[in-house]
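Peer 1: Line by line, the protein sequences give chains L and E. Positions in the first sequence are counted from 1; adding 44 to them yields my numbering. Positions in the second sequence are counted from 1; adding 1331 to them yields my numbering.
Careful, some of the hints might be misleading.
Some but not every residue of chain E turned toward chain L, in silico, with C-beta under 10 Å [stated by the list, open to error]:
| # | residue |
| --- | --- |
| 1 | PRO1348 |
| 2 | HIS1350 |
| 3 | ASP1362 |
| 4 | HIS1365 |
| 5 | TYR1367 |
| 6 | GLN1369 |
| 7 | SER1372 |
| 8 | TYR1377 |
| 9 | ALA1414 |
| 10 | TYR1418 |
| 11 | PHE1430 |
| 12 | SER1439 |
| 13 | VAL1440 |
| 14 | LEU1441 |
| 15 | PRO1442 |
What the hints contain is simulated information worked out from the structure, not anything from laboratory work. Keep in mind it's a predicted model, so treat the numbers as computed, not measured. Built from N, CA and C at the ideal position, the CB exists for glycine as well.
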Amino acid sequence: DSGVTQTPKHLITATGQRVTLRCSPRSGDLSVYWYQQSLDQGLQFLIQYYNGEERAKGNILERFSAQQFPDLHSELNLSSLELGDSALYFCASSAQGSYGYTFGSGTRLTVV
Amino acid sequence: DAKTTQPNSMESNEEEPVHLPCNHSTISGTDYIHWYRQLPSQGPEYVIHGLTSNVNNRMASLAIAEDRKSSTLILHRATLRDAAVYYCIPIRYNYGQNFVFGPGTRLSVLP
């Protein structure tokens, strides 16, 4: 157990639907990062939050949004889902001044 | 962001040392060199990081070239459990961090 908890582990939904992925960072970590990994593809950075504020944005589609709540957990919202959104979504967290990033085990999203 | 170049794949025999190279010729002076690995169906796992000096931990050693344009991750005795994709990532600790994973090196360990 890395200390970063992602739920659900698996999610199957239909095209056009909306889903929410949840991430609880490691205790004490203020930063949360979201990544997307499609089949046989590399990890694509989506977005970073630090203590509730958006800090960095990567290749995140307009149909996707995220937020970090006061208790530091984060949610990634994916809407108008397309088949190509099927992927593993990873969350990572880090502490301020920390040199290591801890990843969760991911949510596998399948859009049918 | 500094770009990295790693071999697509490498092979090693079990219990032999493995040297995984990474070229990061555009690295800036304040970028730390991080290594992560990803086992099949799992999230990436931190392995080691360094700035200028060579580093050792229980998992691996990191050798950094004097000009910092390249580094080598050293697994002293490869096991079957070390079969994974290994990523070398220059990371700059600033206000917003956008650390980018390249394709990495897929390490196969033969029994």
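Peer 1: It remains to establish, for every hint, whether it holds in the given structure.
Peer 2: Structure-based check of each hint:
Checking PRO1348(E) against chain L by beta carbon gives a least distance of about 24 Å; that is not within 10 Å, so the hint is violated. Given the 10 Å rule on beta carbons, the hint for HIS1350(E) is violated: about 22 Å separates it from the nearest Cβ of chain L. About 12 Å separates the beta-carbon of ASP1362(E) from the nearest beta-carbon of chain L, more than 10 Å, and the hint is not met. A least Cβ separation of about 8 Å between HIS1365(E) and chain L falls short of the 10 Å threshold, and the interface hint therefore holds.
Taking 10 Å as the C-beta cut-off, the interface hint given for TYR1367(E) holds, the closest approach to chain L being about 8 Å. With 10 Å as the threshold, the beta carbon of GLN1369(E) comes within range of chain L, its nearest partner Cβ sitting at about 8 Å, so the hint holds. With a cut of 10 Å, the hint placing SER1372(E) at the interface with chain L holds, because the nearest CB-to-CB distance is about 8 Å. With 10 Å as the threshold, the beta carbon of TYR1377(E) comes within range of chain L, its nearest partner Cβ sitting at about 4 Å, so the hint holds.
Evaluation of the ALA1414(E) hint against chain L yields a violated restraint, the C-beta minimum of about 16 Å exceeding 10 Å. Checking TYR1418(E) against chain L: minimum C-beta separation of about 8 Å stays under 10 Å; hint holds. Residue-level restraint check for PHE1430(E) holds (minimum Cβ-Cβ distance to chain L is 7 Å; threshold 10 Å). The restraint placing SER1439(E) at the interface with chain L is violated, with a minimum CB-CB distance near 16 Å, outside the 10 Å limit.
Annotation: VAL1440(E) was flagged as interfacial toward chain L, and the flag is violated, the nearest CB pair being 20 Å apart, outside 10 Å. The beta carbon of LEU1441(E) comes no nearer than 22 Å to any beta carbon in chain L, farther than 10 Å, and the hint placing it at the interface is violated. Using the Cβ-Cβ criterion of 10 Å, the hint placing PRO1442(E) at the interface with chain L is not satisfied: the shortest such distance is roughly 25 Å.
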